[in-house]
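> The lines below spell out each chain.
Number of protein chains: 2
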Amino acid sequence: MGGVVQRSPRFSELNDDDVRYFQEILGKKNVIQDDDKLSAANIDWMHKYKGASKLILQPCNTDQVSQILKYCNSRCLAVVPQGGNTGLVGGSVPVFDEVIVSLSSMNNIISFDKVSGILVCEAGCILENIMSFLDNEGFIMPLDLGAKGSCQIGGNVSTNAGGLRLVRYGSLHGSVLGVEAVLANGTVLDMLKTLRKDNTGYGLKHLFIGSEGSLGIVTKVSILTPPKLSSVNVAFLACKDYSCCQKLLQEAKRKLGEILSAFEFLDSQSMNLVTNHLEGARNPFPTSLHNFYVLIETTGSDESSDKQKLEAFLLGSMENELVSDGVLAQDISQASTFWRLREGISEALMKAGAVYKYDLSIPVENLYNLVEEMRSRLGDAANVIGYGHLGDSNLHLNVSVPRYDNKILSQIEPFVYEWTSKHRGSISAEHGVGLMKANEIFYSQSRETVRIVVYY
Amino acid sequence: MGGVVQRSPRFSELNDDDVRYFQEILGKKNVIQDDDKLSAANIDWMHKYKGASKLILQPCNTDQVSQILKYCNSRCLAVVPQGGNTGLVGGSVPVFDEVIVSLSSMNNIISFDKVSGILVCEAGCILENIMSFLDNEGFIMPLDLGAKGSCQIGGNVSTNAGGLRLVRYGSLHGSVLGVEAVLANGTVLDMLKTLRKDNTGYGLKHLFIGSEGSLGIVTKVSILTPPKLSSVNVAFLACKDYSCCQKLLQEAKRKLGEILSAFEFLDSQSMNLVTNHLEGARNPFPTSLHNFYVLIETTGSDESSDKQKLEAFLLGSMENELVSDGVLAQDISQASTFWRLREGISEALMKAGAVYKYDLSIPVENLYNLVEEMRSRLGDAANVIGYGHLGDSNLHLNVSVPRYDNKILSQIEPFVYEWTSKHRGSISAEHGVGLMKANEIFYSQSRETVRIVVYY
Numbered sequence: 277m278g279g280v281v282q283r284s285p286r287f288s289e290l291n292d293d294d295v296r297y298f299q300e301i302l303g304k305k306n307v308i309q310d311d312d313k314l315s316a317a318n319i320d321w322m323h324k325y326k327g328a329s330k331l332i333l334q335p336c337n338t339d340q341v342s343q344i345l346k347y348c349n350s351r352c353l354a355v356v357p358q359g360g361n362t363g364l365v366g367g368s369v370p371v372f373d374e375v376i377v378s379l380s381s382m383n384n385i386i387s388f389d390k391v392s393g394i395l396v397c398e399a400g401c402i403l404e405n406i407m408s409f410l411d412n413e414g415f416i417m418p419l420d421l422g423a424k425g426s427c428q429i430g431g432n433v434s435t436n437a438g439g440l441r442l443v444r445y446g447s448l449h450g451s452v453l454g455v456e457a458v459l460a461n462g463t464v465l466d467m468l469k470t471l472r473k474d475n476t477g478y479g480l481k482h483l484f485i486g487s488e489g490s491l492g493i494v495t496k497v498s499i500l501t502p503p504k505l506s507s508v509n510v511a512f513l514a515c516k517d518y519s520c521c522q523k524l525l526q527e528a529k530r531k532l533g534e535i536l537s538a539f540e541f542l543d544s545q546s547m548n549l550v551t552n553h554l555e556g557a558r559n560p561f562p563t564s565l566h567n568f569y570v571l572i573e574t575t576g577s578d579e580s581s582d583k584q585k586l587e588a589f590l591l592g593s594m595e596n597e598l599v600s601d602g603v604l605a606q607d608i609s610q611a612s613t614f615w616r617l618r619e620g621i622s623e624a625l626m627k628a629g630a631v632y633k634y635d636l637s638i639p640v641e642n643l644y645n646l647v648e649e650m651r652s653r654l655g656d657a658a659n660v661i662g663y664g665h666l667g668d669s670n671l672h673l674n675v676s677v678p679r680y681d682n683k684i685l686s687q688i689e690p691f692v693y694e695w696t697s698k699h700r701g702s703i704s705a706e707h708g709v710g711l712m713k714a715n716e717i718f719y720s721q722s723r724e725t726v727r728i729v730v731y732y
Numbered sequence: 277m278g279g280v281v282q283r284s285p286r287f288s289e290l291n292d293d294d295v296r297y298f299q300e301i302l303g304k305k306n307v308i309q310d311d312d313k314l315s316a317a318n319i320d321w322m323h324k325y326k327g328a329s330k331l332i333l334q335p336c337n338t339d340q341v342s343q344i345l346k347y348c349n350s351r352c353l354a355v356v357p358q359g360g361n362t363g364l365v366g367g368s369v370p371v372f373d374e375v376i377v378s379l380s381s382m383n384n385i386i387s388f389d390k391v392s393g394i395l396v397c398e399a400g401c402i403l404e405n406i407m408s409f410l411d412n413e414g415f416i417m418p419l420d421l422g423a424k425g426s427c428q429i430g431g432n433v434s435t436n437a438g439g440l441r442l443v444r445y446g447s448l449h450g451s452v453l454g455v456e457a458v459l460a461n462g463t464v465l466d467m468l469k470t471l472r473k474d475n476t477g478y479g480l481k482h483l484f485i486g487s488e489g490s491l492g493i494v495t496k497v498s499i500l501t502p503p504k505l506s507s508v509n510v511a512f513l514a515c516k517d518y519s520c521c522q523k524l525l526q527e528a529k530r531k532l533g534e535i536l537s538a539f540e541f542l543d544s545q546s547m548n549l550v551t552n553h554l555e556g557a558r559n560p561f562p563t564s565l566h567n568f569y570v571l572i573e574t575t576g577s578d579e580s581s582d583k584q585k586l587e588a589f590l591l592g593s594m595e596n597e598l599v600s601d602g603v604l605a606q607d608i609s610q611a612s613t614f615w616r617l618r619e620g621i622s623e624a625l626m627k628a629g630a631v632y633k634y635d636l637s638i639p640v641e642n643l644y645n646l647v648e649e650m651r652s653r654l655g656d657a658a659n660v661i662g663y664g665h666l667g668d669s670n671l672h673l674n675v676s677v678p679r680y681d682n683k684i685l686s687q688i689e690p691f692v693y694e695w696t697s698k699h700r701g702s703i704s705a706e707h708g709v710g711l712m713k714a715n716e717i718f719y720s721q722s723r724e725t726v727r728i729v730v731y732y
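Chains A and B supply the protein sequences, listed in that same order.
Just so we're on the same page, my numbering is the position in the first sequence counted from 1, plus 276.
Just so we're on the same page, my numbering is the position in the second sequence counted from 1, plus 276.
These are computed hints drawn from the structure, not numbers from a lab.
Treat the hints with care, since some could be wrong.
For identical chains, the list gives no copy identity; a pair is met inside one copy or between any two copies.
[Stated by the list, open to error] No farther apart than 27 Å at their CA atoms in a straight line, the calculated lysine-lysine pairs in the BS3-like style are these: (1) Lys346 <-> Lys330; (2) Lys583 <-> Lys531; (3) Lys531 <-> Lys326; (4) Lys698 <-> Lys627; (5) Lys531 <-> Lys390; (6) Lys698 <-> Lys390; (7) Lys504 <-> Lys531; (8) Lys390 <-> Lys313; (9) Lys583 <-> Lys305; (10) Lys583 <-> Lys326; (11) Lys304 <-> Lys698; (12) Lys390 <-> Lys504; (13) Lys516 <-> Lys326; (14) Lys583 <-> Lys504; (15) Lys633 <-> Lys504; (16) Lys516 <-> Lys390; (17) Lys583 <-> Lys516; (18) Lys523 <-> Lys504; (19) Lys516 <-> Lys531.
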């Protein structure tokens with residue numbers, strides 16, 4: 277992948293004096309040259325992107341991050357910040373021999389205010405650890421991800437991670453109240469507010485949310501966390517066409533309103549794939565053929581009234597013929613089997629062969645058209661499946677093929693990007709740009725908005 | 277106020293050729309030199325800030341805004357954008373003779389997607405008109421303001437307006453999905469996305485939210501609107517001390533969770549002021565003296581279960597002794613009388629004499645300490661009252677005096693700013709900086725964050 281990018285001769289090469297300097301400011305144990313650790317940090321978790329860094333630095337506090345960056349800046353040493361290294365677009369590993377600045381040792385929770393629900397912590401805190409901490413306090417994180425066991429909050433913020441709770445709690449631009457970041461020249465920007473309201477000056481912190489480390493390294497974060505609610509319910513529904521899915525979403529927003537916490541969809545091709553490839557995965561409606569399936573989750577504070585509400589919604593949707601069939605999970609175990617049908621698609625795709633994956637955001641009314649156009653474009657050569665977070669207009673378009681084939685790829689790209697661009701969509705809904713899509717940014721951003729960043 | 281600022285000689289003075297040029301591109305009727313209209317546009321609604329502009333321009337589309345700014349830039353003519361002119365900090369009127377660019381004629385709703393709830397409209401749409409439009413569609417705006425009958429959405433976005441629904445729906449950084457803005461040189465930045473998720477490139481639109489027109493003129497907005505819910509309930513409660521108010525907020529977030537839509541507080545001094553000065557305002561608990569009062573509003577989709585939930589919450593809070601007394605509004609009329617006690621404070625203050633007003637955001641645990649310190653600092657010379665949006669940590673600190681008195685003012689300022697700064701608060705929670713607080717910004721922003729904006 278990185279092959280098209282050339283290492284700039286402007287950057288120096290690391291030498292022994294550099295290493296000695298880092299040892300002085302960080303202590304020897306935080307300046308890592310061990311081969312095993314280096315090879316783990318040089319490669320991303322998909323084994324798709326690989327760098328050749330010779331040095332990992334593990335600062336313990338913001339001041340050390342500042343000293344590192346100030347020195348690297350003066351020496352023209354290239355740097356890549358690294359959190360949990362769970363990114364999907366080649367943004368968390370070196371492209372060449374950049375010095376890796378790992379935030380892993382900065383993993384302290386600094387404060388938590390039980391009245392406001394505001395948490396302040398260091399960037400290296402692992403998402404799941406924060407979740408456990410909050411669980412004890414009776415709160416939850418406004419974001420949840422498959423990678424939660426490894427990913428770090430600094431990386432989540434730097435990549436504007438989306439995830440499973442966005443339909444309910446919104447994006448990190450709403451939840452993140454403050455950020456501390458260190459610029460390339462070592463300047464520490466203290467924007468670590470713990471306030472829901474602050475209208476003094478520019479919203480600079482927002483530039484660090486989703487800029488993938490390119491503007492500076494996020495070192496601390498303050499975040500608004502919602503209280504934990506006790507009642508969770510899951511329903512699995514079948515719809516005859518995409519139009520019914522859309523109308524159902526509209527109804528769910530109105531009728532379930534404040535308790536809706538997930539609205540996911542999959543097409544029949546996705547359902548077939550999962551039930552064919554995953555052991556124990558069963559279609560809840562085995563006797564009939566449906567074109568689409570919807571998973572609805574509600575989260576609220578009152579078990580009996582929430583369940584009543586969901587049952588009434590189900591009944592109404594069947595009467596209106598928006599839903600052809602439906603079932604409400606009777607316990608946690610049944611709820612998990614429903615979630616497994618949706619969450620198992622990725623795994624089933626891997627078992628089915630090779631796969632071209634696209635993570636797109638497209639206005640809901642047009643979202644599924646792309647799947648159908650791709651299907652008729654590729655014919656029998658591929659199995660095109662569509663699923664995703666319909667509540668967020670986020671389509672996961674996947675093209676499953678027996679093996680990778682450049683002829684098929686050339687029928688998919690750039691068509692998929694052009695189509696998305698034409699419909700004012702985003703070619704990266706939640707994964708970011710990284711190295712993978714750096715050259716495709718104009719499909720989702722106007723020339724002027726990119727130019728202004730480069731010029732100013 | 278503007279007295280300390282000097283007009284820069286860099287700026288040209290308007291001449292007849294300029295006016296002719298504007299008439300050519302906008303048509304004569306949109307180039308306004310009428311004295312009455314000019315004097316209305318030159319003064320803010322509090323009659324506190326007054327400019328001396330000789331020209332109002334009323335563009336009808338983005339292209340005209342672009343042409344205006346490009347020309348003014350080349351001629352070095354200063355410009356001030358104006359929406360509904362309802363700002364409180366002198367940001368919406370000229371300081372000197374700036375050309376006023378009024379967005380009032382750009383008031384079209386461009387599109388509304390009933391499935392996603394995403395609205396796209398021009399900047400000059402009046403907030404209340406958008407609300408009426410959405411009401412017909414079964415949706416609401418995520419923000420509501422006292423000034424809704426005049427304020428325009430472009431101004432709301434440019435000032436990051438807070439308002440009454442923030443505790444439920446969050447800030448505009450979460451709700452605003454896209455912005456179109458014109459830079460000073462006429463460049464049109466198309467960031468008008470209609471997507472909940474987009475991780476391609478920097479979050480530039482966020483810089484235009486709350487930058488008060490200083491980076492460009494917002495011409496179009498896309499915004500995520502929540503569905504309208506049918507059931508609204510209001511409770512009015514009495515607490516013996518501030519600690520109980522805090523604990524009650526914590527409980528309300530947990531027990532009312534997803535239906536909580538307002539959590540407002542006032543102290544007994546505020547209650548006395550309102551009941552003494554506003555006709556018909558009555559303390560719901562006239563026989564006992566309470567130190568604090570809390571107004572709680574819930575909004576949900578199920579009348580009976582919502583009411584049950586609120587009743588159970590009230591009962592539990594009384595048993596826990598968080599609440600000394602409480603009453604649930606039995607109808608809309610009683611709900612309005614409760615809201616009147618909270619919303620009438622401003623009016624009562626005007627009737628009581630002169631008033632020094634501060635709009636502060638302070639972490640909840642320390643918020644009321646400032647009121648008490650101010651009270652002991654000023655002694656009998658003033659009536660210090662505290663109230664506000666406790667759910668958002670937003671304190672309205674008001675010092676009521678018989679008449680303005682510089683000796684008293686010198687005891688309030690800079691103390692109030694220093695205290696707020698020391699507690700990591702914001703000296704402007706929702707009103708912005710404008711001309712009023714331009715010199716006080718360092719109380720809420722670090723030198724580095726301000727410097728980086730000036731240097732880059």
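> Against the structure, test the hints numbered earlier, and report the numbers of the ones violated in rising order.
3, 4, 8, 9, 10, 11, 13, 15
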